[in-house]
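Novice: Given the sequences, and given the hints that come with them, work out the whole structure.
The chain contents come next:
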Amino acid sequence: MENILETKDLSVSFGEHDVIKDVNLEIERGKLISIIGPNGAGKTTLFNLLSGQITSTKGEIYFKNENVTKLSVPLRARRGIGRSFQLTNIFPELTVLENIRLAIQSSSKDYYSIFPRLSALSRQQDEAKAYMKKCMLNGKEHVLAQDLAHGEKRKLELAMLLALKTELLLLDEPTAGISIEEIPAILEVIENIKKDGMYTIVLIEHKMEMVMHLSDILVVLFNGELLASGNPQEIIKDQRVQTAYLGGLHRESIKTG
Amino acid sequence: MRGLFHKVPLYWGLAIMLFMLLFPFVNDSRSMLILLTQIFIFAIFAMSFDILLGYTGIVSFGHCMFFGIGAYSTAIIFNHLEATLLNFMIGLAIGIILSALVSYIIGSLSLRLKSHFYAMLTLAVSQLFLVLAEKWRGLTHGGDGFTFSVPDVFKDRTSFYYITLISVAVVFILLKLFTESSTGKVLKAISQNEYRAEALGYKSLHYKLIASVTAGVAASFSGALYAVSLRFINTNVFSIEVTLDALLMTMIGGLGTLAGAIAGAGIIEFLRHYLSELAMTYPIFERWTIILGFLYIVVLLVFPSGLAGFIKRINLKNKRKMKKKGELQRVA
Ligand SMILES: Nc1ncnc2c1ncn2[C@@H]1O[C@H](COP(=O)(O)OP(=O)(O)OP(=O)(O)O)[C@@H](O)[C@H]1O
Ligand SMILES: [Mg+2]
Chain A
627 MENILETKDL SVSFGEHDVI KDVNLEIERG KLISIIGPNG AGKTTLFNLL SGQITSTKGE
687 IYFKNENVTK LSVPLRARRG IGRSFQLTNI FPELTVLENI RLAIQSSSKD YYSIFPRLSA
747 LSRQQDEAKA YMKKCMLNGK EHVLAQDLAH GEKRKLELAM LLALKTELLL LDEPTAGISI
807 EEIPAILEVI ENIKKDGMYT IVLIEHKMEM VMHLSDILVV LFNGELLASG NPQEIIKDQR
867 VQTAYLGGLH RESIKTG
Chain B
733 MRGLFHKVPL YWGLAIMLFM LLFPFVNDSR SMLILLTQIF IFAIFAMSFD ILLGYTGIVS
793 FGHCMFFGIG AYSTAIIFNH LEATLLNFMI GLAIGIILSA LVSYIIGSLS LRLKSHFYAM
853 LTLAVSQLFL VLAEKWRGLT HGGDGFTFSV PDVFKDRTSF YYITLISVAV VFILLKLFTE
913 SSTGKVLKAI SQNEYRAEAL GYKSLHYKLI ASVTAGVAAS FSGALYAVSL RFINTNVFSI
973 EVTLDALLMT MIGGLGTLAG AIAGAGIIEF LRHYLSELAM TYPIFERWTI ILGFLYIVVL
1033 LVFPSGLAGF IKRINLKNKR KMKKKGELQR VA
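Chains A and B, in that order, give the protein sequences.
Those letters in the first sequence? Residues 627 to 883, by our numbering.
Those letters in the second sequence? Residues 733 to 1064, by our numbering.
You can trust all of the hints, since none of them are fake.
With a cut-off of at most 30 Å between alpha-carbon atoms, the simulated DSS-like pairs for lysine-lysine come out as follows:
no.: 1; chain 1: B; residue 1: K935; chain 2: A; residue 2: K735
no.: 2; chain 1: B; residue 1: K935; chain 2: A; residue 2: K779
no.: 3; chain 1: B; residue 1: K920; chain 2: A; residue 2: K760
If you're looking for bench data, these hints aren't it; they were derived computationally from the structure.
Specialist: Here it is in structure tokens:
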């Protein structure tokens, strides 16, 4: 299988602080890859580099064999790199339907028309409903995004990514901050997306059962370095991973506990 | 629920339009017609400001410059050429092209930076225009300004009333279509979450530029009408009060509604008119700007989302009450 995304010696530093160090990542099309690592390992920063929110100090990013290292956020989005954010990131004062429609509008390349097109509107409406169904948001079309429950906001983000027709979904802790009862639904949505087979998913996640259940490939990031990557069952047994990541988890539990 | 919100204002709009069309037959008081004409002109100006602030979330402290550019372009043309409709069109076109250029340049210089850069740059450039108008006496006659004559259709108060009324209606419809278009939706999205809009593939700078130029062009049009209505111009059109008027009108009416901007223009101009009339008997009202200032504070405190937001809130409350009643009845 071909790689949809590759990074070559990707690095970034903030001042003296090297946050991502020479990361060489190869992501196969159609797979679900999970990135794990302790807090502050650089997972979100790696996503920011891939989607273009920050620019690397060294190294390259290839998406579908095209060098996208210098492209802006919107241009990478148009090429098919979509991401969700660790803190939910939606348009709060627009309805669910309007949020999704903005994504559809972008994927149908309707960027700059200055007169409303009614035909497009009703077509987009139908399309949006299909994505809502897939992400279990039925009946919420006219609810303002800010009035959704936290888990529903997460689902809305996923629906927007699908509507954007992204090929590569970068999901940054899609279960962060949502209640335990809402997690199975998110899990189911992600599973459904994966089952479709059209998408490559990179998932940042702390919940290990979920990671083990979903992933084809597991990548461990530690102190900005790629520590290990491969079959999840094997990776989790790796001694270095045990000390690094589980040590990190331990620190985390001390911090919160 | 939203469908209803969209329909009610349409009926209201048509009713108000009909009333305004018939008004000169009912009441042909000259001063009333002049006042209404003034309101229509400022309504266009306030709507242009609303596109910037209300729809896109861009703050401008120098919006008067486009008003002034439109006003001076028309005035200078009429000062040098004959008072014909064609020359009005030429003056209007010059003003619009100049405004589009200036707003484009200011926008591309500052809109990719943090939002207050645009605010500061517009303020600086508008002051530059003020100085230019004062110093370039050969063209502008400096601070004293000059009078000029205008085509007969503009001189006649009733026909000019209809011209401005139709102008408001046309500008309102065009801007409404614009805000309902794909581009308009993205503007709204950018004002709420620029970061997200970019991650959806929208180049936010382009959209802010579009908003900036659209606002500049519409403001220029209102400025041209303003100059024609006075048949006189001086550097006051570039004064900061003109920008503050636009701000006050859109804030009072409710940001991001266009109709609110029209209502705001009506309220402010009526107040200005009656307060300055009152000032003749009670000198305290000479300070009506202070009263407007107080009004501004009251608006911020009582109706933070303007008149339109207030009406929406009341509607929502009623609906919730009705819903509750329904639920209670079902329970009982
Ligand atoms: N813009 C920035 N400027 C300076 N330092 C930054 C910046 N962004 C991230 N960092 C630093 O980089 C390190 C990695 O942060 P990052 O958010 O990528 O971690 P993470 O792996 O996503 O952690 P978490 O699991 O808590 O989300 C942290 O030490 C953080 O303080
Ligand atoms: Mg993170």
